[in-house]
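Asker: Using the hints provided, position chain H relative to the given structure of chain A.
There are 2 protein chains.
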Amino acid sequence: MSPLKVVLVSPRNPLNIGAAARAMSNFGFSELRLVNPYAVAFREARSAVKAHAVLEQAREYPSIADAVADCALVVGTTAIGPRVLEHPMRRLEYGGKLIAKKLALAPPTQVALLFGCEKFGLSNDDMSYCHWLMRIPTREEHGSMNLGQAVAVCLYEIIRSPVAAQITPDAKRPAAAEHLERITELLETILNRSGYIYARVEGSTRMKIRRLVRRLQLNAHDADVWLGMLRQILWKSEHRE
Amino acid sequence: MSPLKVVLVSPRNPLNIGAAARAMSNFGFSELRLVNPYAVAFREARSAVKAHAVLEQAREYPSIADAVADCALVVGTTAIGPRVLEHPMRRLEYGGKLIAKKLALAPPTQVALLFGCEKFGLSNDDMSYCHWLMRIPTREEHGSMNLGQAVAVCLYEIIRSPVAAQITPDAKRPAAAEHLERITELLETILNRSGYIYARVEGSTRMKIRRLVRRLQLNAHDADVWLGMLRQILWKSEHRE
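Protein chains in written order, with our numbering: chain A, 1 to 241; chain H, 1 to 241.
No lab work stands behind these hints: they were computed from the structure.
Quick list of in silico lysine-lysine cross-link-like pairs, DSBU-like style, CA-CA up to 35 Å:
id, chain 1, residue 1, chain 2, residue 2
1, H, K172, A, K102
2, H, K102, A, K208
3, A, K172, H, K102
Computed from a prediction, not measured in an experiment: that's the story for all the values here.
For reference, chain A alone in the conformation it holds in the complex (with noise of 0.2 Å):
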């Protein structure tokens, strides 16, 4: 069973309600709760033709207290910017990554992550059964998120790694300098040819080019490209003659 528990409370869209389950296959979270969700709704999301698993394992709760019983951290999300609240307050920054660590002790602390209903969000009594309040930074001008959206972005934090935001992709092998200099004759050869050079200011003309082929930071494939092709323009060049 996963850690963290996504708890809806009162849903009452069967998109949002598929939404979040998606959101929690894609991140890896498995148990879903709702509170008190509108009937129709749940049966409705339940019977798509794209449930997940997620959602055919979703139970029901009559109550925020028993959705959240067996959690030892139960943390609300809001979309109430840093007005006062009588709750701590934490961006999702910095509450999600509170959280990934709760997730990751061993054993691990029983999470559980609290959506409001659609409309109103979590009422001050839904958020007096946590322990604190979670906000995504959005806008001040539009703070309200689709639910299920919402869903995915906190969960996306919680997941997110901090070191891969430092790692450089591997950069493919750069190109030998000898092949940027045959691509450099190339070039300098065919734009001759073409008349593109003038033979007076053929001397500062090739080290412009040396400097442009340079700038190109071809890889050593594209290098092999680049000189296939420019190989196949100068020997056309010289059999049209």
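Answerer: Chain H alone, transformed into the frame defined by chain A:
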């Protein structure tokens, strides 16, 4: 005009177009571009009751080349894992930060962020317009995200503040030791009266209670509330006898 353009390639579902626009508005981006959208979907999305300004200003383009013509960086999103693609592939954590840096330049680089159609994602032909690709770190077994959720997650990473991840929210002023000691004394008196404490273990029990109260890590406000509650309980127990 926002320097980040969200480009949806051949979207089919009006709800997804609307969800993409909503996430853009949530995270402060305004320029939505649609390449060859399913006409009915675009019309329906626009006519939705809660259509956003973002959607009203969305523009339609006949091809990717047209949609990204004014952009100096074109990034494609894909659910494909690190399988061999002809393109440099970056995980969202890293790619999102690269995009954020480009947007923060003065003047900002115009960036196009491409999302493929719901069913197939970006084709190889679509990707060939991109400088590099970005991958949301979903599970290998279920990599494909809902379009609206994928847009939300990518935009969140772009606006995400690395600094906010480090900040510890201001803790409330902790309770002064004299208040903790007063709580300890009151609790001890009440427990004595209630028969919880036996005279012979009194000394060690007092220490236990003292440590128990310290571990509550009360803030100044909550300490006041507890003091009030305990005083009332004591008063009642004295006046009942």
